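Turn these sequences into a full structure, and let the hints steer you where they fit.
Taken in order, these protein sequences are the chains called D and S.
Just so you know, my numbering puts 85 at position 85 of the first sequence, and the rest follows in order with no gaps.
To convert, count from 1 in the second sequence and add 570; that's my numbering.
To be clear, the hints were calculated from the coordinates, so they are not data collected in a lab.
There's no promise every hint is true.
Claimed, not checked - Using 25 Å as the maximum straight-line C-alpha spacing, the simulated DSS-like pairs for lysine-lysine come out as follows: (1) D:305 with D:155; (2) S:619 with D:210; (3) D:123 with D:155; (4) D:493 with D:29; (5) D:210 with D:29; (6) D:535 with S:619.
Please read these numbers as outputs of a predicted model, since none were measured by experiment.
What follows is each chain in one-letter form.
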Amino acid sequence: MARISIDPVTRIEGHLRIDVEVDGGKVQKAWASCTMWRGLETILRGRDAREGWVFAQRFCGVCTTVHAIASVRAVEDALQLEIPANAQYIRNLILIAHALHDHIVHFYQLSALDWVDITTIPKADPARAASIAEGFSTWPGNSRRELEAVQNKVKGLIGSGQLGIFSHGYWGHPAMRLSPELNLILFAHYLQALEFQRKSCQVVGILGGKTPHIQNLAVGGVMNAINLNSLATFNMDRLGMLQSLLQDLIPFVQQAYFVDACLLSASYPEWFRYGRGVANYLAVPDLPTDAKATQFDLPGGLIMKGDLASVQPIQNWRDQAFRSAVAEDVTHAWYRGEGAQIPWKGESDPEYTDFREDGKYTWVKAPRYNGQPIQVGPLANVLVGYASGHPLTRKWTDTAFKTISSVHDSGVSGFNLTPEALQSTMGRYLARAIRSAMLSDLALQHWQLLADNILKGDDTTFNPPQFPSHECEGVGMHEAPRGALSHWVIIDKGAFSNYQAVVPTTWNASPRDEKGIPGPYETSLIANPVLDPVKPLEVLRTVHSFDPCMACACHTFDASGRAIARVKVL
Amino acid sequence: MSTNVVNTTARHPLRRIAVLGLGNVLLGDDGFGPLAVEMFRSLYECDSKVEILDLGTPGLDLAPYLYDADLVVIADAVHPREEERPGTLCVYCDDDLASSQAHLRLTSHDPGVQESLAQLRLAGHAPSEVIVVGVVPESCGLGNSISLTVLNTCLVAVDTIARLLVERFIDCRRRHAPLQPSPWWLSGEHGRRDGFES
Chain D
1 MARISIDPVT
11 RIEGHLRIDV
21 EVDGGKVQKA
31 WASCTMWRGL
41 ETILRGRDAR
51 EGWVFAQRFC
61 GVCTTVHAIA
71 SVRAVEDALQ
81 LEIPANAQYI
91 RNLILIAHAL
101 HDHIVHFYQL
111 SALDWVDITT
121 IPKADPARAA
131 SIAEGFSTWP
141 GNSRRELEAV
151 QNKVKGLIGS
161 GQLGIFSHGY
171 WGHPAMRLSP
181 ELNLILFAHY
191 LQALEFQRKS
201 CQVVGILGGK
211 TPHIQNLAVG
221 GVMNAINLNS
231 LATFNMDRLG
241 MLQSLLQDLI
251 PFVQQAYFVD
261 ACLLSASYPE
271 WFRYGRGVAN
281 YLAVPDLPTD
291 AKATQFDLPG
301 GLIMKGDLAS
311 VQPIQNWRDQ
321 AFRSAVAEDV
331 THAWYRGEGA
341 QIPWKGESDP
351 EYTDFREDGK
361 YTWVKAPRYN
371 GQPIQVGPLA
381 NVLVGYASGH
391 PLTRKWTDTA
401 FKTISSVHDS
411 GVSGFNLTPE
421 ALQSTMGRYL
431 ARAIRSAMLS
441 DLALQHWQLL
451 ADNILKGDDT
461 TFNPPQFPSH
471 ECEGVGMHEA
481 PRGALSHWVI
491 IDKGAFSNYQ
501 AVVPTTWNAS
511 PRDEKGIPGP
521 YETSLIANPV
531 LDPVKPLEVL
541 RTVHSFDPCM
551 ACACHTFDAS
561 GRAIARVKVL
Chain S
571 MSTNVVNTTA
581 RHPLRRIAVL
591 GLGNVLLGDD
601 GFGPLAVEMF
611 RSLYECDSKV
621 EILDLGTPGL
631 DLAPYLYDAD
641 LVVIADAVHP
651 REEERPGTLC
661 VYCDDDLASS
671 QAHLRLTSHD
681 PGVQESLAQL
691 RLAGHAPSEV
701 IVVGVVPESC
711 GLGNSISLTV
721 LNTCLVAVDT
731 IARLLVERFI
741 DCRRRHAPLQ
751 PSPWWLSGEH
761 GRRDGFES
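Structure, rendered in structure tokens:
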């Protein structure tokens, strides 16, 4: 029995420790421990509810917009305040652009190197690589000349003996199986991705006034002034700029990223057998298409025990079942107390004990839905959409399956893929790409909704909030890049008297609960293969498949209570 | 009338210049970067090609803001190289960053500056020059406001940023009438709630 402790897990956002016990080449037990404490919600108590979002978007340096949106939605929910249609569309476009950016960074910069061995790239035949890539995609960045240029850069890098940031990869690991040509194709897109991250930031910047940390939100709508006859406001020029940025960005998502995820899936089919984990899934409805938020372009719902036929819809943000189902358990987390509390009553009094695998071992609380652990993220989003017959989800999932089986026909590898089989490590990667392709289509649709509504003569963007003198409570939901996010607020005379954020990584990185039931990371690692305990690449693949963002799940202090600020960089 | 004009009016061929603040404003002195760029904006007026931005703690999401830039000046809290006291100003150039001489802060969102630069270099879109204007923090506690020590250094840091631009012939002059800076996170007291006290 080998015990492996990976601390910290790298190429994620924030600080995470994973402990696994390996026997017979497979993981037998696992613990996920977040080594930072989040106390940011305490900063919000007592603050003006209209400015909460400005602080909430500093919870996390990466998902800034995500917390800003959930915060204004929570306050609007408490006030039962409707926002204008323009405000919905502008917010939706920001959310889509941010999500595309986030998914691109995850696939290439944060996780591709778990699968792509760059040290084989010098052996690739660029002409063959170009012909493989062009067989699956119309992406112009797949030309032989482009791939040769990337190969030369990699040769230069390896020749210099200074791999720099790439020096810590598990190069030559037997679990790395892509051909030199596929390694070259994916790494070329890794480098090209940087340009498209920029374009998605520009979309957020045009609408949000600034990126990161958008400035255009308000409880009651957005602060974008719309006037087609003014040069100084949101006008036809801006609409045109947005459209052309989206038209530049979308081909990269649908022709490079989406296809790469399919090629990766086809090349590592065994990874559809590992990493299933907790098979209960939650997605919240998002991208409302009307002012009252009654219709959504991303459906919400709940799937239990991996049974797609069991899907229970979450129709809208006022869903009562959702409100009464969520609770956070602190039995195994470094907080005072035991058992579960609903978020509105949640407290976060720290009680640090050191890592005790049978006791408290993490700063992450254990959220539960009707007492059950839940997996959230793009996979939940895609499964719920597919199970509810959502046409766009079906279109892109079926396209992915078709692309993967065409790789089989070309002799790389093959197997029968069904939506049920997505419940796995590779399924999470593929689902993120499917979701990105969907969001690309939706970006243009919501751009059209906004343009049509403005051209109809509607320029309203804001309904002023009225705060009652009595206490009121609200929930703000958002289907964020990493999954279902909810902010829970209690407002008294215009100020927050309590504030709790139940974030996607808290659901996924959840520790065991009072009944000893482990969370999604922990469960997904069971039976994961580990060829070489010194280089636990396979563990990283499964952990990275969730796109951990610990900074958001908890924050700022390491296990000994020292500020992270004092950790020395070597 | 201020005589502290530290500019040149000569047009410079540089296309894209960025002055970026890094750090979490909710963590005391870690908010040095955002505060420095906010004060720089209020005290100096620059060529329109100079982009002045508080980026928070973007981790790898920093790359788009460095992409193809000619010059990037980053204000950030840094670790002491030896035993420098809190409030010490440390200026690092490209070579310091490449040789890890610059002890940049390890934030909750590392990988950050070095990794973004390395990726951009390989992709052929790295900035031509990167300078880090750092300060050694006194305290980075949750919800703390910025320390007096770091606040004092911040003024020196702002003049340093201006000098770095001017030395590279970038139009940057001290404003005759400073703009009101808006470090909203330093209000200390909770925001006023006019009209809600019934």
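Would the pair residue 493 of chain D and residue 29 of chain D pass a check requiring their Cα atoms to be no farther apart than 25 Å? 49 Å, violated
Hinted pair, alpha-carbon criterion (25 Å max): residue 619 of chain S, residue 210 of chain D. Please report holds or violated. 16 Å, holds
Under the criterion that the straight-line Cα-Cα distance not exceed 25 Å, is the pair residue 210 of chain D, residue 29 of chain D satisfied? 45 Å, violated
Within 25 Å, alpha carbon to alpha carbon, are residue 535 of chain D and residue 619 of chain S? 47 Å, violated
If you draw a straight line from the CA of residue 305 of chain D to the CA of residue 155 of chain D, is it 25 Å or shorter? 48 Å, violated
For residue 123 of chain D and residue 155 of chain D, compute the direct alpha-carbon distance and say whether it is at most 25 Å. This hinted pair holds, its Cα atoms lying about 10 Å apart.
Violated hints for the displayed structure, listed by number in ascending order: 1, 4, 5, 6.
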